[in-house]
Amino acid sequence: MIPLAYTPFIDAISAHELWYLLIVPMAIFLAIGYKSVRCSNLKHFPREVLVFTILVLGGLMLLAIAFTVMIAGLLPMLAPMPG
Amino acid sequence: MGSIAIHSVHMSTPTPTEFNPLAGLAAAIFPGAGHLVLGRPKRAMLACIGVMGLFFFGLFIGGIDAIDSKNDKVWFYAQVLVGPPTFIVDTIHQKKYKAYDIGSGILRTGFPGEHRVHDGTRPVWETLSTEQIQAGMGPPNVPGLGRLNEIAMLSIVLAGMLNLIIFLDALMPSPERLPTKPSASGGEA
Chain A
20 MIPLAYTPFI DAISAHELWY LLIVPMAIFL AIGYKSVRCS NLKHFPREVL VFTILVLGGL
80 MLLAIAFTVM IAGLLPMLAP MPG
Chain B
-16 MGSIAIHSVH MSTPTPTEFN PLAGLAAAIF PGAGHLVLGR PKRAMLACIG VMGLFFFGLF
44 IGGIDAIDSK NDKVWFYAQV LVGPPTFIVD TIHQKKYKAY DIGSGILRTG FPGEHRVHDG
104 TRPVWETLST EQIQAGMGPP NVPGLGRLNE IAMLSIVLAG MLNLIIFLDA LMPSPERLPT
164 KPSASGGEA
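Chains as they are written, first to last, in our numbering: chain A, 20 to 102; chain B, -16 to 172.
The hints are simulated quantities; they were obtained by calculation from the structure and are not laboratory data.
On a predicted model such as this, the values are computed, not experimentally measured, just so you know.
Label-pair distances were calculated between CB atoms; the ranges are: (1) A/Ala98 - B/Ser112: 49 to 59 Å; (2) B/Asp55 - A/Leu94: 28 to 38 Å; (3) B/Thr74 - A/Ala85: 36 to 46 Å.
Far from chain B by the CB rule (all over 12 Å, computed), these chain A residues: (4) Ile73; (5) Thr87; (6) Val88; (7) Met89.
Ideal Cβ placement from N, Cα and C applies to all residues, glycine included.
The shape of chain A in the complex, shown without the other chains (with noise of 0.2 Å):
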């Protein structure tokens, strides 16, 4: 018999509605490993992983404000829907 019960790494969790939260402990990792072989001088590792993580926030968030205007501004004017 196994309960359903949360197992940690075996069940997903359930989050639905903070996905987006989501992207920045990835950009966060991501930004460590990309700098830990791309930083000439681990002395300036920390800001570098700052600034690499707003970067890959900061465009993602300028690609959402991109298509929100698109699709809920442009498109509707440019093709309005009958009705």
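Starting from the known structure of chain A, fit chain B onto it as the hints suggest.
For chain B alone, kept in the frame of chain A given last:
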């Protein structure tokens, strides 16, 4: 004058990349191990934190179902770049958490209202009664759905792609980033 001219040419020419197959092999076995072989322990640790952080973060969000060589083949091809950890998790997933559908004979993840039993030859999904479901019985894992499943798989794919960059850096390290002697500041170059 001539030596100065030669020196300036050497300064402006990119330094050749050294090839280190041992470091490449170590990097393929475990993320960051290649840089450990190169004598760059800090970079090895940070590379390992980056790759394995993304890997375990993906597993944390989507559960073990985030790695599936049978049902999510295209994602799996990129996830494989993490190396043996992906194969280990996938093997556990296929062998311990999946079972055969009695009707179609397909190996799949369990649905709510089913549990995994062994019929003597192979594991199969058996439908539960209402009493059994109310008693808390169900499949051994709850798979991720929708965006959460996509983010979980994407996180492990990113771990694989990041590991490819780290692997190439270990296989062909730039000499200017190789440690020659301890710097005055104590930082690893």
